[in-house]
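There are 2 protein chains.
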Amino acid sequence: MKEIKRPTLFINKAIAKANIKAMAQKAKINNLSFEPHFKTHQSKEVGEWFREEGVTAITVSSVAMAIYFAANGWENITIAFPVNVLELEEIEQLASKVKLTLLVQDTLVVKKLNTLTSKVYLFIEVDAGYHRSGININSKQEIQKIIKTIKTTKHRFKGFYYHAGNSYNARSTKDVLALYADMSSKLAFLKQEFNDYNPHIATGDTPCCSVVDVFEGIDSIHPGNFVYYDYTQMAIGACTINQVAIYVSCPVVATYLDRNEWVIYGGGVHLSKESLITEIGKIAGLVGSLDENGDFSAFPDVYVKSLSQEHGTIASSLPLPSSINVGDVVYILPIHSCMTVDCMPNAFTTTGALISKMKK
Amino acid sequence: MKEIKRPTLFINKAIAKANIKAMAQKAKINNLSFEPHFKTHQSKEVGEWFREEGVTAITVSSVAMAIYFAANGWENITIAFPVNVLELEEIEQLASKVKLTLLVQDTLVVKKLNTLTSKVYLFIEVDAGYHRSGININSKQEIQKIIKTIKTTKHRFKGFYYHAGNSYNARSTKDVLALYADMSSKLAFLKQEFNDYNPHIATGDTPCCSVVDVFEGIDSIHPGNFVYYDYTQMAIGACTINQVAIYVSCPVVATYLDRNEWVIYGGGVHLSKESLITEIGKIAGLVGSLDENGDFSAFPDVYVKSLSQEHGTIASSLPLPSSINVGDVVYILPIHSCMTVDCMPNAFTTTGALISKMKK
Numbered sequence: 234m235k236e237i238k239r240p241t242l243f244i245n246k247a248i249a250k251a252n253i254k255a256m257a258q259k260a261k262i263n264n265l266s267f268e269p270h271f272k273t274h275q276s277k278e279v280g281e282w283f284r285e286e287g288v289t290a291i292t293v294s295s296v297a298m299a300i301y302f303a304a305n306g307w308e309n310i311t312i313a314f315p316v317n318v319l320e321l322e323e324i325e326q327l328a329s330k331v332k333l334t335l336l337v338q339d340t341l342v343v344k345k346l347n348t349l350t351s352k353v354y355l356f357i358e359v360d361a362g363y364h365r366s367g368i369n370i371n372s373k374q375e376i377q378k379i380i381k382t383i384k385t386t387k388h389r390f391k392g393f394y395y396h397a398g399n400s401y402n403a404r405s406t407k408d409v410l411a412l413y414a415d416m417s418s419k420l421a422f423l424k425q426e427f428n429d430y431n432p433h434i435a436t437g438d439t440p441c442c443s444v445v446d447v448f449e450g451i452d453s454i455h456p457g458n459f460v461y462y463d464y465t466q467m468a469i470g471a472c473t474i475n476q477v478a479i480y481v482s483c484p485v486v487a488t489y490l491d492r493n494e495w496v497i498y499g500g501g502v503h504l505s506k507e508s509l510i511t512e513i514g515k516i517a518g519l520v521g522s523l524d525e526n527g528d529f530s531a532f533p534d535v536y537v538k539s540l541s542q543e544h545g546t547i548a549s550s551l552p553l554p555s556s557i558n559v560g561d562v563v564y565i566l567p568i569h570s571c572m573t574v575d576c577m578p579n580a581f582t583t584t585g586a587l588i589s590k591m592k593k
Numbered sequence: 234m235k236e237i238k239r240p241t242l243f244i245n246k247a248i249a250k251a252n253i254k255a256m257a258q259k260a261k262i263n264n265l266s267f268e269p270h271f272k273t274h275q276s277k278e279v280g281e282w283f284r285e286e287g288v289t290a291i292t293v294s295s296v297a298m299a300i301y302f303a304a305n306g307w308e309n310i311t312i313a314f315p316v317n318v319l320e321l322e323e324i325e326q327l328a329s330k331v332k333l334t335l336l337v338q339d340t341l342v343v344k345k346l347n348t349l350t351s352k353v354y355l356f357i358e359v360d361a362g363y364h365r366s367g368i369n370i371n372s373k374q375e376i377q378k379i380i381k382t383i384k385t386t387k388h389r390f391k392g393f394y395y396h397a398g399n400s401y402n403a404r405s406t407k408d409v410l411a412l413y414a415d416m417s418s419k420l421a422f423l424k425q426e427f428n429d430y431n432p433h434i435a436t437g438d439t440p441c442c443s444v445v446d447v448f449e450g451i452d453s454i455h456p457g458n459f460v461y462y463d464y465t466q467m468a469i470g471a472c473t474i475n476q477v478a479i480y481v482s483c484p485v486v487a488t489y490l491d492r493n494e495w496v497i498y499g500g501g502v503h504l505s506k507e508s509l510i511t512e513i514g515k516i517a518g519l520v521g522s523l524d525e526n527g528d529f530s531a532f533p534d535v536y537v538k539s540l541s542q543e544h545g546t547i548a549s550s551l552p553l554p555s556s557i558n559v560g561d562v563v564y565i566l567p568i569h570s571c572m573t574v575d576c577m578p579n580a581f582t583t584t585g586a587l588i589s590k591m592k593k
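Chains A and B are the protein sequences, given in the same order.
Going by the working numbering, the first sequence opens with residue 234, and the numbers climb by one from there.
Going by the working numbering, the second sequence opens with residue 234, and the numbers climb by one from there.
Be aware that one or more of the hints could be misleading.
Identical copies look the same in the list; a pair holds intra-copy or inter-copy alike.
[Said to hold, decoys possible] Taking lysine-lysine pairs in the DSS-like style, the calculated list, with each CA pair at most 27 Å apart, reads:
#  : residue 1 : residue 2
1  : Lys277    : Lys387
2  : Lys261    : Lys384
3  : Lys592    : Lys235
4  : Lys387    : Lys238
5  : Lys593    : Lys277
6  : Lys345    : Lys238
7  : Lys419    : Lys250
8  : Lys332    : Lys238
9  : Lys592    : Lys515
10 : Lys250    : Lys424
11 : Lys352    : Lys238
12 : Lys538    : Lys515
13 : Lys261    : Lys593
14 : Lys235    : Lys345
15 : Lys384    : Lys590
16 : Lys330    : Lys419
17 : Lys254    : Lys590
18 : Lys344    : Lys238
19 : Lys378    : Lys407
If you're looking for bench data, these hints aren't it; they were derived computationally from the structure.
On a predicted model such as this, the values are computed, not experimentally measured, just so you know.
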């Protein structure tokens with residue numbers, strides 16, 4: 234293990250690789266194109282772990298991220314974010330180098346994209362219940378209008394993209410399956426409705442991709458979080474604690490026996506301010522140790538109670554482990570791996586290899 | 234104004250400088266040493282704005298931050314965080330170069346610090362009600378023991394430090410004044426109790442420092458957030474909207490007339506996942522425009538409803554301004570300026586000058 238002096242992000246490579254392999258196999262069995270979302274790790278090294286499983290097409294959440302991965306040899310990239318027309322210049326450069334797929338949801342943006350000299354592929358982003366971005370899946374006339382507008386441009390209509398982010402509100406695999414059933418029937422209906430255009434159907438949030446075994450009417454999946462998972466995915470039922478590959482090492486800087494709490498060097502700037510409401514209240518992470526193999530063991534019922542900028546407060550309803558003293562290091566299993574990765578400048582494998590990250 | 238293509242952090246320098254001047258004057262009138270916390274801005278350029286107001290002693294929240302500001306000419310630094318004994322080597326290097334003040338709360342850490350070759354100044358961090366870090370202010374015997382241990386070392390006992398972070402729960406100036414009255418009476422009692430050691434009393438969260446006019450029994454104040462303020466400080470009553478100096482520009486990437494919402498390019502990776510419960514529910518920022526002078530105008534009743542990694546959802550109980558379309562840029566006044574600054578790689582003044590930040 235690497236020497237630890239301050240909050241440091243660790244990734245268990247063996248677990249992450251197993252997560253990638255399992256998802257790649259699930260995609261293969263279901264005859265789905267596996268186009269993983271790279272916003273979770275933002276790392277060229279982790280990208281290579283996907284390449285080893287045969288991945289050639291990827292998904293990102295910003296033009297900047299597309300530029301980073303294009304520079305690292307990825308040639309088939311979907312930017313799963315509504316086109317930001319202020320970045321047409323950067324999109325032009327990208328489109329001249331890689332097979333680029335963008336998400337649109339109105340005709341004006343499609344027309345603006347026609348000023349590009351290179352051809353891009355366009356998904357119409359639809360909203361089948363999450364209500365964040367995308368055009369309402371029932372707005373058939375509007376969708377028809379966008380397809381027709383695309384057909385007047387140099388670009389290719391590829392199909393429909395839906396991100397079911399509302400699956401993060403699920404708290405059981407039953408909830409996830411119900412959400413998937415609803416979503417997939419809506420998408421199947423959409424596919425049938427626009428059958429003349431042979432639309433590709435793209436979806437795949439981590440909860441659905443982890444819980445569902447048989448996918449029908451879907452052409453590609455685009456999950457990201459599953460590479461590391463996190464406490465939220467455990468709460469959803471999308472993974473077990475043994476599938477979580479991400480931990481932040483935090484030195485203990487104070488202990489308070491009277492109120493059964495510790496303070497760690499590790500705050501919102503390391504873990505993000507993400508939290509989750511659980512049956513014991515709002516928590517910001519689980520707490521445990523990491524053995525020499527990089528395997529995490531949670532201390533029973535010990536959690537991150539609150540985070541300020543650099544401080545974390547650790548609490549438990551049981552007496553906190555007496556083996557831990559000021560100067561020891563504990564490991565936090567985070568609430569949301571994507572946000573934690575984004576907070577930290579880089580990461581290390583549990584065997585000490587650097588995992589770099591795109592610069593902000 | 235700088236050309237904006239993606240989420241960018243802007244600081245109104247005139248407002249920030251006025252905030253610094255006002256706090257410096259308040260400290261001067263009250264005969265307090267003004268030792269501002271630099272964790273909010275993390276910037277050498279902003280540090281210079283403080284120097285112009287006569288500031289020579291500063292406060293930081295990590296050893297890394299102390300190293301950064303020491304390298305930028307600051308020679309009197311308090312690290313307002315429980316000593317992380319895993320960083321003794323870095324502390325040694327710092328202590329050989331600058332007047333370094335550290336916070337301790339137990340005798341074991343004091344003994345470990347005695348292995349340093351350079352002398353440091355030690356505050357005993359006390360807890361007068363916030364219950365995050367610090368020794369309970371009523372633990373007189375324990376405090377006496379720590380002072381006596383410090384006296385056996387090469388280091389100097391400086392006094393007591395208290396951060397009243399619970400002032401962030403206040404929702405009126407009356408709440409803040411009541412909290413200050415309680416805290417200052419406890420600190421005055423502590424000062425009297427340990428009068429033989431002539432202890433310096435250090436405190437000064439932004440709400441108390443902004444709301445209180447007459448300080449008694451306090452020797453130094455250490456606020457940080459006031460340089461930029463934010464929506465939380467407005468909700469507390471610590472500032473008005475005209476004193477807020479920080480905004481994040483965000484391109485509008487989708488509009489939804491049917492549900493009266495916009496989606497912006499601007500998410501938790503730009504603004505942090507900080508939110509605040511208000512009478513209209515949980516919000517993640519105010520929304521408005523910035524004029525050519527860098528002055529912010531809030532759109533009436535328009536707020537950030539939710540944030541995911543890169544998306545922000547904007548909502549209102551009134552019809553959203555019809556003048557804003559896809560491709561326009563709106564400005565977000567954030568919930569918590571310290572966290573937003575930490576998320577962003579750097580900032581710009583509203584006249585376009587770069588404000589760099591320490592590297593993570």
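So, going through the hints one by one against the coordinates:
Neither within a single protomer nor between protomers do lysine 277 and lysine 387 lie at most 27 Å apart by alpha-carbon distance, with minima of 32 Å and 49 Å respectively. Taking CA atoms no more than 27 Å apart as the test, lysine 261 paired with lysine 384 passes in neither setting, with 32 Å inside one copy and 69 Å between copies. Taking CA atoms no more than 27 Å apart as the test, lysine 592 paired with lysine 235 passes in both settings, with 23 Å inside one copy and 21 Å between copies. In this assembly of identical chains, the alpha carbons of lysine 387 and lysine 238 lie at most 27 Å apart only when taken from different copies (25 Å versus 55 Å within one copy).
In this homomeric assembly, lysine 593 and lysine 277 come within 27 Å of each other (Cα to Cα) both inside a single copy, at 14 Å, and across copies, at 19 Å. In this homomeric assembly, lysine 345 and lysine 238 come within 27 Å of each other (Cα to Cα) only across copies, at 15 Å, whereas the closest approach inside a single copy is 51 Å. With identical chains, the CA atoms of lysine 419 and lysine 250 are never at most 27 Å apart, being 33 Å at best within one copy and 55 Å at best between copies. Proximity of lysine 332 and lysine 238 under a CA criterion of 27 Å is satisfied inter-copy only: 23 Å between copies versus 43 Å inside one chain copy.
Taking identical chains as interchangeable, the C-alpha atoms of lysine 592 and lysine 515 are never at most 27 Å apart, the minima being 31 Å within one chain and 31 Å between chains. For the homomeric pair lysine 250 and lysine 424, neither the shortest alpha-carbon distance inside one copy (33 Å) nor that between copies (58 Å) is at most 27 Å. Taking the shortest alpha-carbon separations for lysine 352 and lysine 238, only the inter-copy value of 22 Å comes in at or below 27 Å, while the best intra-copy value is 50 Å. Within a single copy, lysine 538 and lysine 515 get their C-alpha atoms as close as 7 Å, and across copies as close as 20 Å, so both meet the 27 Å cut-off.
Taking identical chains as interchangeable, the C-alpha atoms of lysine 261 and lysine 593 are never at most 27 Å apart, the minima being 34 Å within one chain and 40 Å between chains. Taking the closest pair of Cα atoms, lysine 235 and lysine 345 come within 27 Å of each other only across two copies (23 Å); inside a single copy the shortest separation is 50 Å, beyond that limit. Neither within a single protomer nor between protomers do lysine 384 and lysine 590 lie at most 27 Å apart by alpha-carbon distance, with minima of 38 Å and 47 Å respectively. In this homomeric assembly, lysine 330 and lysine 419 never come within 27 Å of each other (Cα to Cα): the closest approach is 35 Å inside a single copy and 66 Å across copies.
In this homomeric assembly, lysine 254 and lysine 590 come within 27 Å of each other (Cα to Cα) only inside a single copy, at 22 Å, whereas the closest approach across copies is 39 Å. In the homo-oligomer, the alpha carbons of lysine 344 and lysine 238 lie at most 27 Å apart only across protomers (19 Å), although the nearest pairing inside one protomer, at 53 Å, exceeds that limit. Taking the shortest alpha-carbon separations for lysine 378 and lysine 407, neither the intra-copy value of 37 Å nor the inter-copy value of 57 Å comes in at or below 27 Å.
Violated hints, listed in ascending order, are 1, 2, 7, 9, 10, 13, 15, 16 and 19; each of the other numbered hints is respected by the structure.
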